[in-house]
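Student: Please construct the entire structure, taking both the sequences and the accompanying hints into account.
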Amino acid sequence: MRTITLTDAIREAIEEEMRVDSSVFVVGQDVRGAIFPHTKGLVEEFGTDRVVDTPIAESGMYGVAFGAAQEGMRPIVDFMFGGFSYVTFSECSVTTGQYHFLHGSQHALPIVITAGVGTGQRLANDHAMSIHGTFAHHPGIKVAMPSTPYDAKGMFKAAIRDNNPVVIPWHMGIMMLKGEVPDIGDDYIVPLGVADVKRVGSDVTVLANSLQLQHALSVAEKLAPEISVEVIDPRSFVPFDMETLLTSLEKTNRLVIVDEDWESGGFAATVSARVVEQGFDLLDAPILRVTLPNMPVPGGYMEEYVAPNPERIEAAIREVCL
Amino acid sequence: MRTITLTDAIREAIEEEMRVDSSVFVVGQDVRGAIFPHTKGLVEEFGTDRVVDTPIAESGMYGVAFGAAQEGMRPIVDFMFGGFSYVTFSECSVTTGQYHFLHGSQHALPIVITAGVGTGQRLANDHAMSIHGTFAHHPGIKVAMPSTPYDAKGMFKAAIRDNNPVVIPWHMGIMMLKGEVPDIGDDYIVPLGVADVKRVGSDVTVLANSLQLQHALSVAEKLAPEISVEVIDPRSFVPFDMETLLTSLEKTNRLVIVDEDWESGGFAATVSARVVEQGFDLLDAPILRVTLPNMPVPGGYMEEYVAPNPERIEAAIREVCL
Amino acid sequence: MALSIDQKKSLMTNLIRAEEFNRMMYRRMMQGKLIGFYHPAEGAIAPGVAASTFLNQDDNLSPHHRGHGITHMLSKGIDIKYYLAEHTGKVTGCCEGRSAFHFSFPEHKVYMMSGFIGYNFAPAVGWGFAAKQRQKGQVVMNCSGDGSYGQGRAHEALLMAQNWKLPIIFFCENNGMSIFSTAMEMHPKPDISSLAEGFGMPSAIVDGQNVFEVAEACLEAIARARAGDGPTFIEAKTLRFNEHDIGTPDLSGWEERSEQEHAEMRAREPVAIATKIALEEGWLTQPDIEHMREAALREITDVEAFADESEIARPPVEELMQGVFAP
Amino acid sequence: MALSIDQKKSLMTNLIRAEEFNRMMYRRMMQGKLIGFYHPAEGAIAPGVAASTFLNQDDNLSPHHRGHGITHMLSKGIDIKYYLAEHTGKVTGCCEGRSAFHFSFPEHKVYMMSGFIGYNFAPAVGWGFAAKQRQKGQVVMNCSGDGSYGQGRAHEALLMAQNWKLPIIFFCENNGMSIFSTAMEMHPKPDISSLAEGFGMPSAIVDGQNVFEVAEACLEAIARARAGDGPTFIEAKTLRFNEHDIGTPDLSGWEERSEQEHAEMRAREPVAIATKIALEEGWLTQPDIEHMREAALREITDVEAFADESEIARPPVEELMQGVFAP
Ligand SMILES: Cc1ncc(C[n+]2csc(CCOP(=O)(O)OP(=O)(O)O)c2C)c(N)n1
Ligand SMILES: Cc1ncc(C[n+]2csc(CCOP(=O)(O)OP(=O)(O)O)c2C)c(N)n1
Ligand SMILES: [Mg+2]
Ligand SMILES: [Mg+2]
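Which chain is which? The protein sequence lines are C, B, S and R, in order. So in my numbering, the last spot in the first sequence is 322, and the numbers never skip. So in my numbering, the last spot in the second sequence is 322, and the numbers never skip. So in my numbering, the last spot in the third sequence is 327, and the numbers never skip. So in my numbering, the last spot in the fourth sequence is 327, and the numbers never skip.
Fair warning: there could be bad hints in the mix.
Said to hold, decoys possible - Taking beta-carbon pairs under 8 Å as the criterion, some of the chain C residues facing chain B (in silico):
#1 Gln121
#2 Ala124
#3 Ala136
#4 Gly266
#5 Thr270
#6 Ile287
#7 Asn294
Hint data in this document are derived by calculation from the structure and do not stem from the laboratory. A quick note: this is a predicted structure, and the numbers were derived from the prediction, not measured. Glycine residues also receive a C-beta, built at the ideal position from the N, C-alpha and C atoms.
Tutor: Pasting the structure below:
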């Protein structure tokens, strides 16, 4: 085991998969020079045929990935900031999600879509939006987001090897988060669709991911003397591991969902609705959600208290445990 | 009162508002010739300066609306099919929703976005998608959809007079639905954000809109001897009239949400989650949702049973009333 | 590039097939025997035939939606019966009856026709990118209408194709119309191929009613692309004899297209033009042409029988769910 | 269009202000006194000044993001203190401290700067559409970088502006770079304005380091637009002396830009070039120029004091919620 950052873990996953599979390549804007560390140095090893910069033309750029995937290649398309995926959103969502299924499930479309997302940089809405919830709304696309370097490496590997489009953003708020990762050469994946109980507890379940998982864990630690909090990281949104969540609820009977997305239409609502449908009798208290309020994400100093944060998570936990 | 179709009601709303407010105009593709009846004949009365066809360039076309709205005009932008709004989705959602708020709430952006949506034409996913849920996910945009000619005329008038971006699609499955509408000259609006109890009942509440409202009403009628079904039409998704819904639940304690959108991330999930948060103690049974399953909407004969339909609505009602 | 007699005969054969297939589709739509909509290709069948007849199986083809790509696909050697079955909602359809008017023949590198105009452009860049890397001389024939060049996606593809010298043919089937709008109003210059200049991309304008003239330009562009010399823009000036899609009025702007316009159009009927050339040049006789038509009609009888005799696709939702993701 | 001495003096004044404002922004970013990021304008200040100095208040301006539009906005007569306060997260900011680096001055018809490159183009069509209908001779100055012309939105706007003869100036500030990528690699022809040819739009290429040359071209294009004669494409060849944004390495492709490149660039410093012209032509003296700089520095002291003395914007969420929708 070594201790590396989240973005270094992503880079290792990409590098290693590129080495073993010549059909894997990266396309984006300024991925050769590397705006973010996860593509740094790739061009030196793999050359400009496999580390490809395009003009500022997101549809054309995504077209490289989409068309190449139809041709049997395994592109990783990097949107830099998650919001930029919206620039070609119909392609990423409708065209991508429907391709395999609508055409009779005869032809796979292996594309990995990644980008930095999330609050914390004080850049405001268009640079701070989450994208996992919007993609999870559109069928035919897998959606996942890592919370630790270990998961990042394993989940990116799983995504690259998956035969489906996988949207796997990473949160800028934890890009320098360090954690243990197996040694180089110890190949592993973290399968998509498997949640992870990041902390065991018995009074209340908190579902949280990425930066918000870190917040949830710190709140759980703080509350430990009073309330025993179980913290589950969904890791994947599509497919979603309902079983792990329901199993936890059998024990805790209380649920707080933390999601850095808007209250309206965010993934937290979907989880809540599913739990109500499938586990209504397990609930001793209303399911509470800690999300972004329904306003464009403000930049500046407001970001800190508008976004979910430890204080809001703690308050929700206390409320369901009353 | 007269009896007219839903699309004629929309046309009347547009016509009348264009007559009284010279800043109102329509922009789209082939709106002069009128692909759908709601823009038919407008060009003859208002000319090509106010009934504007653009190239097949959705971003540019939406730009006409967006820029003109900033200039104090009141555009109605017609995307023909709802799915085409995705072609310029970042503009419709992010750029539009953030404009007023992010810039200090100093400048209004009155844009009406409309399009035909929904299943029933056997055209498959890209021509059959709903859009209300996706837009409702993005803050700063009002979202509504009429279910009757009366509502259509009144809601379109409200939308055109609103100082905010309003997404107001209409369902192709009820485009020829006839209903009573006040006489020409009897000006009225149906305010956005106000739900309507379309049928009073006491055993279970069904929330449904548009084509699905028609289905819900027919099921309610059929079940009347056995189960007393209250049918509520939300009419608006943003703002959403939670009060009317909770008031109904105080009586029925049971809820079925019908929504022609995907299960994952659709608006039905948001309503369910909100009811759980705000009215948990009112519920005697799990909230059930009747939605599109999480697959791209197939065309062909499958559409009929994949989309919500009376059979599925009836089954859900029976299940929560067990 | 001059055509051999064999090549001309292939074009003639496919042109007649294209004409009859389009008639069949029109008739079936009127009979209620097609699902969704149909955009008839009458008057506009030559460009697709010319663009597609000389492609190899491993060349990419993105057919134009006019005639629902049938003129293109049959010319590339695709058996249309699976598409007709699809368009009729049958289990034997190329997409298992799920897709309505969409299609997919991956083994022929015809992946899809998007319901969104202009959505051929960006994927074409990807196909061209893959073809260039593979270095096997594969080309991408990217067909779409004049209207599709309004879409910014067209710009992005032209730009990237020219930057990277990708083996792509931007094949513009300019019928002067997009639904009710005229190209004259929607494009500032007389030719859509004016756009190519902006990128320094070679271009050609050809008479889209003359299948041989179009084919010559295509062969040249294909040769250039196969040789690694980059993309070409070909603009085939063609015509739309019918309304945009069946059931929509036949307007120009917001008024009926005139009888005169129709009369002038119909004087430029592609099969008549090709027949005249064939007979004049003497490489076909009238009976040869009649045989071609008979063969086409026999083919169509079989195609329709296949579609009509197949079962309606009604798999349970659970089964459909299994197909959302690839294994 | 020849410039009067008064016009040249205005340009010189704004150029020096632009230079000092950019220095101030750079310094503050390094001091941690700005929110978000900053894209320094050193070497690239002349185009924005030239494009904006002669606009009327009721002309639309979409400033380029380089220098965060300050060179443009100050030239149009906008008081930058409200933007600096915004960029510092203060309640007195032009967007009440909500927007980080964004801005909005609706009364000056500067509505926004999107965080998405190329998002100036489509709204510009709408402004031009409104201006044309109003028939008051208003124009739209639409500024953005070479990179932004990769975006298909640029194509759609050029197309529609030329179709409708809208009073829009497509003002391309070509610094040859977009982040690490060169225009040489990302555009197939030497000039971005080659695109204008595709639409038959008049265009001009000017030395973006010479504020007077750029202004002459702008005045001509503005006059054409005001007269109802439609859009113009102006390409100002400029330079980016610094890294793309502060904190990002200064690469070309994936390697450091060379010292030679930097030396050559810095030989083309816009204030030095303008000063030389002014002194040679004799309409300014060295002391005049020093006075201009002193005035600029005084202005900046006030602007910074305003921003620094204002309160941090921290309204409660409930209050913010009230601002999501307009009444
Ligand atoms: C993105 C998008 N916008 C609008 C439409 C509606 N539409 C379908 S066909 C068509 C016209 C296409 O014109 P052109 O490309 O010239 O082809 P033609 O039909 O003339 O052969 C339009 C506007 C669409 N399908 N997709
Ligand atoms: C849609 C979108 N894609 C990518 C980016 C990231 N980005 C920010 S600035 C920039 C380069 C812009 O280049 P150019 O237009 O030439 O302006 P310059 O910065 O050189 O002045 C890029 C790619 C973005 N902000 N938006
Ligand atoms: Mg056409
Ligand atoms: Mg640049």
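Student: For every hint, state whether the structure bears it out.
Tutor: Against the structure, the hints:
The closest approach between the C-beta of Gln121/C and any C-beta of chain B is roughly 15 Å, which is over the 8 Å cut-off, so the hint fails. Given the 8 Å rule on beta carbons, the hint for Ala124/C holds: about 6 Å separates it from the nearest Cβ of chain B. Checking Ala136/C against chain B: minimum C-beta separation of about 5 Å stays under 8 Å; hint holds. For Gly266/C, the interface hint holds, since its Cβ comes within 8 Å of a Cβ in chain B; the closest pair sits about 7 Å apart.
For Thr270/C, the suggested interface contact is upheld, since its CB lies about 4 Å from the closest CB of chain B, less than 8 Å. A distance limit of 8 Å between C-beta atoms decides the matter here; for Ile287/C the minimum to chain B is near 5 Å, and the interface restraint holds. Checking Asn294/C against chain B: minimum C-beta separation of about 4 Å stays under 8 Å; hint holds.
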